[in-house]
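Chains P and H supply the protein sequences, listed in that same order. Counting in numbering that gives the first Met the number 0, the first sequence runs from 0 upward without gaps. Counting in numbering that gives the first Met the number 0, the second sequence runs from 0 upward without gaps.
The hints are simulated quantities; they were obtained by calculation from the structure and are not laboratory data. Take the hints with a grain of salt, since some may be wrong.
Now the stretches of chain P that chain H is said to cover, found in silico as 3 or more residues with beta-carbon under 8 angstroms [said to hold, decoys possible]:
| id | region |
| --- | --- |
| 1 | 5-12 |
| 2 | 18-32 |
| 3 | 74-88 |
| 4 | 95-107 |
Listed next, the in silico DSBU-like pairs over lysine-lysine satisfying Cα-Cα at most 30 angstroms (straight line) [to be verified]:
| id | chain 1 | residue 1 | chain 2 | residue 2 |
| --- | --- | --- | --- | --- |
| 5 | H | 148 | P | 94 |
| 6 | P | 78 | H | 170 |
| 7 | P | 14 | H | 23 |
| 8 | H | 141 | H | 75 |
| 9 | H | 148 | P | 20 |
| 10 | H | 75 | P | 75 |
| 11 | H | 101 | H | 188 |
| 12 | H | 81 | H | 95 |
| 13 | H | 200 | P | 78 |
| 14 | P | 82 | H | 23 |
| 15 | H | 101 | P | 75 |
| 16 | P | 104 | H | 170 |
| 17 | H | 81 | H | 170 |
| 18 | P | 89 | H | 170 |
| 19 | P | 78 | H | 75 |
| 20 | P | 104 | H | 148 |
| 21 | H | 200 | H | 101 |
| 22 | P | 67 | H | 170 |
| 23 | H | 148 | H | 133 |
| 24 | P | 104 | H | 23 |
Label pairs and their calculated CB-CB ranges [what the hints assert, rightly or not]:
| id | chain 1 | residue 1 | chain 2 | residue 2 | range |
| --- | --- | --- | --- | --- | --- |
| 25 | P | 97 | H | 174 | 22 to 28 angstroms |
| 26 | H | 32 | P | 13 | 17 to 23 angstroms |
| 27 | P | 17 | H | 27 | 28 to 34 angstroms |
| 28 | H | 59 | P | 24 | 24 to 30 angstroms |
| 29 | P | 32 | H | 70 | 48 to 54 angstroms |
| 30 | H | 70 | P | 35 | 32 to 38 angstroms |
Virtual Cβ for every residue (Gly too), placed ideally from N, Cα, C.
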Amino acid sequence: MEMERILSMGSRLQKLLIEAKAEAERMVSEAQKEADEMIDAARTESNRRRMRAQRGTGLEEMLAEEEKKAVKEAAKVAKDYEKQVEELRKIPAEKMESAVELVIKEVLPE
Amino acid sequence: MSSIELEAGLIDKAVEERNAIISKAEVRAERILENARQEEERINSDVDRHLRTIVGSELRAVHDRIVGRANLDGRKMIMEAKMELLDTVFEYAQEKLEAMAKKGGADYQEIVKKLISEAAEAIGEDELIVSSNKADNGFLKKTISELSKELGVSLRLDDKPIETMGGVIVKNQRSTKVYYNTLEGRLSKVRGSKASEVAEKLGVI
Numbered sequence: 000m001e002m003e004r005i006l007s008m009g010s011r012l013q014k015l016l017i018e019a020k021a022e023a024e025r026m027v028s029e030a031q032k033e034a035d036e037m038i039d040a041a042r043t044e045s046n047r048r049r050m051r052a053q054r055g056t057g058l059e060e061m062l063a064e065e066e067k068k069a070v071k072e073a074a075k076v077a078k079d080y081e082k083q084v085e086e087l088r089k090i091p092a093e094k095m096e097s098a099v100e101l102v103i104k105e106v107l108p109e
Numbered sequence: 000m001s002s003i004e005l006e007a008g009l010i011d012k013a014v015e016e017r018n019a020i021i022s023k024a025e026v027r028a029e030r031i032l033e034n035a036r037q038e039e040e041r042i043n044s045d046v047d048r049h050l051r052t053i054v055g056s057e058l059r060a061v062h063d064r065i066v067g068r069a070n071l072d073g074r075k076m077i078m079e080a081k082m083e084l085l086d087t088v089f090e091y092a093q094e095k096l097e098a099m100a101k102k103g104g105a106d107y108q109e110i111v112k113k114l115i116s117e118a119a120e121a122i123g124e125d126e127l128i129v130s131s132n133k134a135d136n137g138f139l140k141k142t143i144s145e146l147s148k149e150l151g152v153s154l155r156l157d158d159k160p161i162e163t164m165g166g167v168i169v170k171n172q173r174s175t176k177v178y179y180n181t182l183e184g185r186l187s188k189v190r191g192s193k194a195s196e197v198a199e200k201l202g203v204i
């Protein structure tokens, strides 16, 4: 009786492993399918863009993208210059005074 | 070993084996997807590179137009800020000169005499007419003959005062030679000739 129970359990466990292997195969196969679809889509899009480019169309997207990037870069450039202007305006009083003195010295006759 | 222990052992082993199978599959699936993502990236960057060779000059033009404009505007901002600083320096200098001229005094009178002397030397004639503002006319009336002797020329003070913060305009009798030696004239001349030295003093060059 006991032996029968053990054998029955052994068979259930065997089934569990068979199902696990099936599940594993399904997972890998789904991943492979997804991967194939990703690559196919990328190739299709790539070919579409090449064809459009060869016909001289479809460049607007690239130009728009480049413009977007350039606008971002330009904003950074402008910010850098603004910082420099701020720095320029922080002239210490003694430098300002010394420049004024230089001017007066030049204006007045020796 | 009891049958219960045997069962428990079998179950543990089976569960462990199942988990290992699933875990291995997960790793394999993730590797497959990762490879696919890399391949997708490679395809995209290949086509980008290819397209860039076709439209490179247009893209550069877009970039240069926008970023170049920002650089130009930025340089203009810097230039304007420097000019503002110079304006401030010259405004302060003008205020100080005005205050000095308004105050008058021996030092200022000495300066006016030097300005007349410099003008007389530049004109190089014996008879000269000196024009100055109302305040300077006052002290020049008293000192002009003495200054004439000092300089060895005949100086005549123009009764009609000129609009200036200080300094003089000197001319010969026929007004064919005029030497503008007012303070604002000299200030303006310094602005033209010494701007870079002033900027250097400010440390903005």
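Structure-based check of all given hints:
no.	hint	in the structure
1	5-12	holds (count 4)
2	18-32	holds (count 10)
3	74-88	holds (count 10)
4	95-107	holds (count 10)
5	148/H with 94/P	violated, 43 angstroms
6	78/P with 170/H	violated, 54 angstroms
7	14/P with 23/H	holds, 19 angstroms
8	141/H with 75/H	violated, 52 angstroms
9	148/H with 20/P	violated, 122 angstroms
10	75/H with 75/P	holds, 16 angstroms
11	101/H with 188/H	holds, 21 angstroms
12	81/H with 95/H	holds, 21 angstroms
13	200/H with 78/P	holds, 26 angstroms
14	82/P with 23/H	violated, 55 angstroms
15	101/H with 75/P	violated, 50 angstroms
16	104/P with 170/H	holds, 25 angstroms
17	81/H with 170/H	violated, 37 angstroms
18	89/P with 170/H	violated, 45 angstroms
19	78/P with 75/H	holds, 14 angstroms
20	104/P with 148/H	holds, 28 angstroms
21	200/H with 101/H	holds, 28 angstroms
22	67/P with 170/H	violated, 65 angstroms
23	148/H with 133/H	holds, 23 angstroms
24	104/P with 23/H	violated, 86 angstroms
25	97/P with 174/H: 22 to 28 angstroms	violated, 40 angstroms
26	32/H with 13/P: 17 to 23 angstroms	violated, 31 angstroms
27	17/P with 27/H: 28 to 34 angstroms	violated, 19 angstroms
28	59/H with 24/P: 24 to 30 angstroms	violated, 51 angstroms
29	32/P with 70/H: 48 to 54 angstroms	holds, 50 angstroms
30	70/H with 35/P: 32 to 38 angstroms	violated, 47 angstroms
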